[in-house]
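Protein sequences appear in the order of chains A and B.
Using the numbering used here, you'd call the opening residue of the first sequence number 11 and step up by one each time.
Using the numbering used here, you'd call the opening residue of the second sequence number 516 and step up by one each time.
Keep in mind the hints are simulated off the structure, nothing from the lab.
Worth double-checking, as some hints may not be accurate.
Mimicking DSS-like on lysine-lysine, the simulated pairs with C-alpha atoms at most 25 Å apart in a straight line are [stated by the list, open to error]:
1. B/557 to A/29
2. B/620 to A/48
3. A/50 to B/615
4. A/51 to A/19
5. A/63 to A/50
6. B/516 to A/19
7. A/19 to A/48
8. B/615 to A/32
9. A/51 to B/615
10. B/620 to A/63
11. A/46 to B/583
12. B/557 to A/32
13. A/46 to A/29
14. A/19 to A/46
15. B/557 to A/46
16. A/50 to B/620
Every beta carbon over 10 Å from chain B, so not counted as near; a handful from chain A, in silico [as the list claims (entries may be wrong)]:
17. 30
18. 53
19. 78
20. 83
21. 88
22. 92
Beta carbons: idealized from backbone N, C-alpha and C, even for Gly.
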Amino acid sequence: DTEVTQTPKHLVMGMTNKKSLKCEQHMGHRAMYWYKQKAKKPPELMFVYSYEKLSINESVPSRFSPECPNSSLLNLHLHALQPEDSALYLCASSHHSGSYEQYFGPGTRLTVT
Amino acid sequence: KQEVTQIPAALSVPEGENLVLNCSFTDSAIYNLQWFRQDPGKGLTSLLLIQSSQREQTSGRLNASLDKSSGRSTLYIAASQPGDSATYLCAVIPTGANSKLTFGKGITLSVRP
């Protein structure tokens, strides 16, 4: 199984809502990533988890809260988002953090109203 | 700071043409270089990964080359088809434990029937 899955595919939320994005992989990878991608731009790294511990936070606002409950699962909790947070949120995984090939999920299209 | 450039930003070719997509990077201290394909609104699909010790990788009609000394990589697509229409991104993977991929802005390819 070489697949990274993400749910939901689409999400519309108001600025006062709390929602979560989910990412799952069953490739035995020990590093997982969250990226944000705006239209016609490359993905921007948000967070990196290595062995279920947060290793990189790219100065992301606290309204985004990542969580890695186990080695296969990565969540992104969203609260009090702004319209400019509307984007495609991509999850990725790799064998370990560092110089390893990354595998991406299909993304969650988030719209904040 | 690593910078990755992909020029041109968009390319339109007739079906059947062989084409080359270019990627250049400023810091040759890379571990791997990864080529991705992205369809509109979708996630990234990994096409080819070239390790720094390799010169090229092939998969079907795709061939990617890497010249670290000159800071360049090319993705060769043979006998292009309308189904190849997508955005192609290259990303460099640094040496060491730093997990940050540095992406180019991508080349949007349109293959005309």
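Quick rundown of the hints versus the structure:
1. For the hint pairing residue 557 of chain B with residue 29 of chain A, the CA-to-CA distance comes to about 21 Å; that is within 25 Å, so the pair holds.
2. About 11 Å separates the Cα atoms of residue 620 of chain B and residue 48 of chain A, which keeps this hinted pair within 25 Å; it holds.
3. For the given pair, residue 50 of chain A sits about 20 Å from residue 615 of chain B by alpha-carbon distance, which is consistent with the 25 Å threshold.
4. Note on residue 51 of chain A and residue 19 of chain A: the hinted pairing holds, with a Cα-Cα distance of about 19 Å set against a maximum of 25 Å.
5. A hinted pair counts as satisfied when its Cα atoms are at most 25 Å apart, and residue 63 of chain A with residue 50 of chain A does not qualify at roughly 31 Å.
6. For the hint linking residue 516 of chain B to residue 19 of chain A, the alpha-carbon distance of about 34 Å lies beyond 25 Å, and the restraint is violated.
7. Pair hint residue 19 of chain A plus residue 48 of chain A holds up; C-alpha atoms about 16 Å apart against a cutoff of 25 Å.
8. Using a Cα cut-off of 25 Å, the hinted pair residue 615 of chain B and residue 32 of chain A holds, with the two alpha carbons roughly 21 Å apart.
9. The hinted pair formed by residue 51 of chain A and residue 615 of chain B meets the criterion: a straight-line CA distance of about 16 Å does not exceed 25 Å.
10. A threshold of 25 Å between alpha carbons decides the hint, and for residue 620 of chain B with residue 63 of chain A the separation of about 30 Å lies outside it, so the pair is violated.
11. The straight-line distance between the Cα atoms of residue 46 of chain A and residue 583 of chain B is roughly 28 Å, outside the 25 Å bound, and the hint therefore fails.
12. Restraint check: the Cα-Cα separation between residue 557 of chain B and residue 32 of chain A comes to about 16 Å, which is no more than 25 Å; the hinted pair holds.
13. The straight-line distance between the Cα atoms of residue 46 of chain A and residue 29 of chain A is roughly 16 Å, inside the 25 Å bound, and the hint therefore holds.
14. For the hint pairing residue 19 of chain A with residue 46 of chain A, the CA-to-CA distance comes to about 14 Å; that is within 25 Å, so the pair holds.
15. For the suggested pair residue 557 of chain B and residue 46 of chain A, the alpha carbons sit about 13 Å apart, so the restraint of at most 25 Å is met.
16. Our distance criterion of 25 Å between C-alpha atoms is met by residue 50 of chain A and residue 620 of chain B, whose separation comes to about 8 Å.
17. Interface exclusion of residue 30 of chain A from chain B stands, the closest Cβ pair being 18 Å apart, more than 10 Å.
18. Not every C-beta of chain B lies more than 10 Å from that of residue 53 of chain A, the closest at about 6 Å, which undercuts listing it as non-interface.
19. Consistency note on residue 78 of chain A: stated as away from chain B, and its beta-carbon is indeed over 10 Å from all of that chain's, at 14 Å minimum.
20. Distance check on residue 83 of chain A: its Cβ is at least 18 Å (rounded) from any Cβ of chain B, clearing the 10 Å threshold; non-interface status holds.
21. The beta carbon of residue 88 of chain A is kept farther than 10 Å from every beta carbon of chain B, the shortest such distance being approximately 19 Å.
22. Remark: the non-interface label on residue 92 of chain A is consistent with the geometry, its nearest Cβ contact in chain B lying 21 Å away (cut-off 10 Å).
Consistency with the previously given hints fails for numbers 5, 6, 10, 11, 18, ordered from lowest to highest.
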